[in-house]
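Use these hints to put chain B onto chain A, whose structure you have.
Top to bottom, those sequences are chains A and B.
If you count by our numbering, then the first sequence holds residues 688 to 1113, one letter each, in order.
If you count by our numbering, then the second sequence holds residues 688 to 1113, one letter each, in order.
Treat each hint with caution, since some may be false.
Since copy identity is lost for identical chains, a pair holds within one copy or between any two.
To be verified - Taking lysine to any residue and the SDA-like style, the derived pairs with C-alpha atoms no more than 20 Å apart in a straight line are: (1) K1051 to N829; (2) K1051 to S893; (3) K710 to S1061; (4) K1058 to N829; (5) K1058 to V976; (6) K1051 to S995; (7) K1058 to Y956; (8) K1051 to R887; (9) K1058 to G958; (10) K710 to A694; (11) K710 to S1099; (12) K1058 to P721; (13) K1058 to I825; (14) K1058 to S824; (15) K1058 to E1028; (16) K1051 to H1024; (17) K1051 to R891.
Calculated from the structure, these hints are not laboratory results.
2 protein chains.
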Amino acid sequence: MYRGRAAELLGGIEPGTRVRVHKGGRTYEGILMPRSELGDDRHVVVKLDSGYNVGIEVSGARVEVVEGAERRVAQPPPPPPAAGGRVVSVLGTGGTIASRVDYATGAVHPAYTAEELLGAYPELAELAELRARVVFSILSENMRPEHWRRLAEEVARELNSGAEGVVVTHGTDTMSFTASALAFMLRGLGKPVVLVGAQRSSDRPSSDAYLNLRSAIRVALSDLGEVVVVMHASMSDEVCAVHRATKVRKMHSTRRDAFRSINSPPLGYVGEEVVLGEERRRRSEGEVVADTRLEERVVLFKAYPGVSPELLEWCVDRYRGVVIEGTGMGHVPESLHPGIERALEEGIPVVMTTTTLNGRVDMKVYSSGRKLLSMGVIPGEDMLPEVAYVKLMHVLGVAEDMDEVRRLMLTSLAGEITPRTLPEVF
Amino acid sequence: MYRGRAAELLGGIEPGTRVRVHKGGRTYEGILMPRSELGDDRHVVVKLDSGYNVGIEVSGARVEVVEGAERRVAQPPPPPPAAGGRVVSVLGTGGTIASRVDYATGAVHPAYTAEELLGAYPELAELAELRARVVFSILSENMRPEHWRRLAEEVARELNSGAEGVVVTHGTDTMSFTASALAFMLRGLGKPVVLVGAQRSSDRPSSDAYLNLRSAIRVALSDLGEVVVVMHASMSDEVCAVHRATKVRKMHSTRRDAFRSINSPPLGYVGEEVVLGEERRRRSEGEVVADTRLEERVVLFKAYPGVSPELLEWCVDRYRGVVIEGTGMGHVPESLHPGIERALEEGIPVVMTTTTLNGRVDMKVYSSGRKLLSMGVIPGEDMLPEVAYVKLMHVLGVAEDMDEVRRLMLTSLAGEITPRTLPEVF
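Just chain A, with the same shape it has in the complex:
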């Protein structure tokens, strides 16, 4: 229930009622949403027919009930309609998509469970039978390998018990790490696992949550058999892109189309329908196994002018694997060579990636790169540094010996290495 000044304005109108709110010469018509959408007593929230929620400050506002309009109840969600009995599991992990604004401070806090989130968009239940539950609720910067493990197990459980696909709502900051981790850990995956988030919290009028969530559910029902990230494809609120888990990266701090596929085009797009390219892995039958073995003692080491060789030596003393974010085609200052050589001598694999993100490493071109290759550095091909980091954790967890580590790092296990980088993909 609304309270305070918002309750005064509404004068007993129940959430779920179709209303018109007039304010400052503008009129907002739609379904009055429940108060849990909002953190204070000064706003009412109306879901417009476009699917957007608008928060309207109450001062100077006037509300009327739309005569003869269908009376809809927004929460609790309606019982599953005839969606062909197709089940999509929605697993909540926290993040902006499940947050709300504290209007007193302007800050955003985790607030909604996955169920509440779906309840805010009741029309999503027309797409599929949605089974929502919370796995954990954290801001994604606090996601750790132990969370990846737990999530992989939960996803496998859902897929093995009848879900046609899984949607994971997740904070955007580290979404690509989790996506990669799931891609490496889910063996035998033949169904869509879709990570989705929002750049603006769900209770904001400008939130990208609705389109992202709707698109994610559509992708979860599609002919796809891999882990993907679904987020806005452009600034406009019409189409989402489907990015392969191991090729995607958050490339803008705030834009709704912040996520970009790097070194390969997106697998597809989602508007009113899902359009997927030939590159994707298709849906298939079979049990999914979560192989959650990870060697967590891996470091992602950034090489740059002035970096201290002692920092690398410290890492070699403490870690079991090193992924270097080098420069250009895979170079590091020569001052790091002794540390790299020692790591390799001690059986600690060193994988080279590039800080340019786009393009692939090619260490045969320059004498310095050839020297690193001759030491035994494993070229990361066109893997993103973050993906190589997650992959090395996985590979060190599952490989029997160093030969297998090398072989697996050079093999594309989940689409993370493209055979040839197309120069036009940039």
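Using the frame of chain A, we list chain B on its own:
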């Protein structure tokens, strides 16, 4: 002089002669270049009229001297023509632009001095009186702060002794670091300082060196008063972009248009003429001072899921400044908060940037960011992580106290902070 099989093919034709080389049904007409262009005795090099050098393998090739053609001598370069007496200094530091291919191994080695490089393109002398010399000759991954200092001093010397602009030939891997360092160190700069490189060595037919170098010289003569990077604007060999030193980043490992301005559009473009926007600092008179004070004990610390808090603690023990490459709008795992708090308590500034590169940090939106702000973390606005790293070295070198460090880090000293990030720049 050519030797071996190449000498046999040429039968005494001297470099500088206009020739036609027929091979495999194709004909290459141009000026025979001197042998120093090439590392073996199996190729001859012809400079086509387009300005490109083509290396032609001798087997099956036939050479004829073009009858009646003007006989040009490619090296040494002709004496400075009437270019209005305008002097551009060209300082060599090494890198691909000054390298050649070892055709035996396919590897690329540093080979040319700046003089030799200009000698390979004699028509460049028509643009200005070029004063070329080598400052040092290293691959750019080995560039260290001591090289930035020396280069700043050399650039200031050239500008204070009559040069209208300075071109610095540089390896591309760390070019943006050096560009930023010069931008912060050159006080009172009112002339163009242009860093330029190549993605393919100058003796390769596909080299981007000629257009980049010609464009750099043109920019060095233009109405500009700041440090810039000039490199190919697209895959085609027609136009270069002029990037502000503090806004540019190498974003592809191999493409000739690898350099991109981030969070602001390029300052301009160069084809047959130089077109610069209003955002640029214009040319002005006055002495340039190289303020080479740098605190080298600064670390660029990457924050990501699974990063070890002990790694940060080690850094806080050893460094005088920390730049964090955080996630999203400027977040880090909470496990790093104690290390950050200790750094700030001990008077070690901590600056937050984002791994998304595009967009700016905004730490007021989420409670976690607000906590970091309340500890005293300095938001890096829309500075690239690498630029904030170089800037913090500079600021710690020149500032009197922590208040001044904070004030300078939040002030745009060389265009590194844009007042407002335009969302369309992505």
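Check the structure against each numbered hint from earlier and tell me which ones fail, lowest number first.
3, 5, 6, 7, 9, 11 and 12
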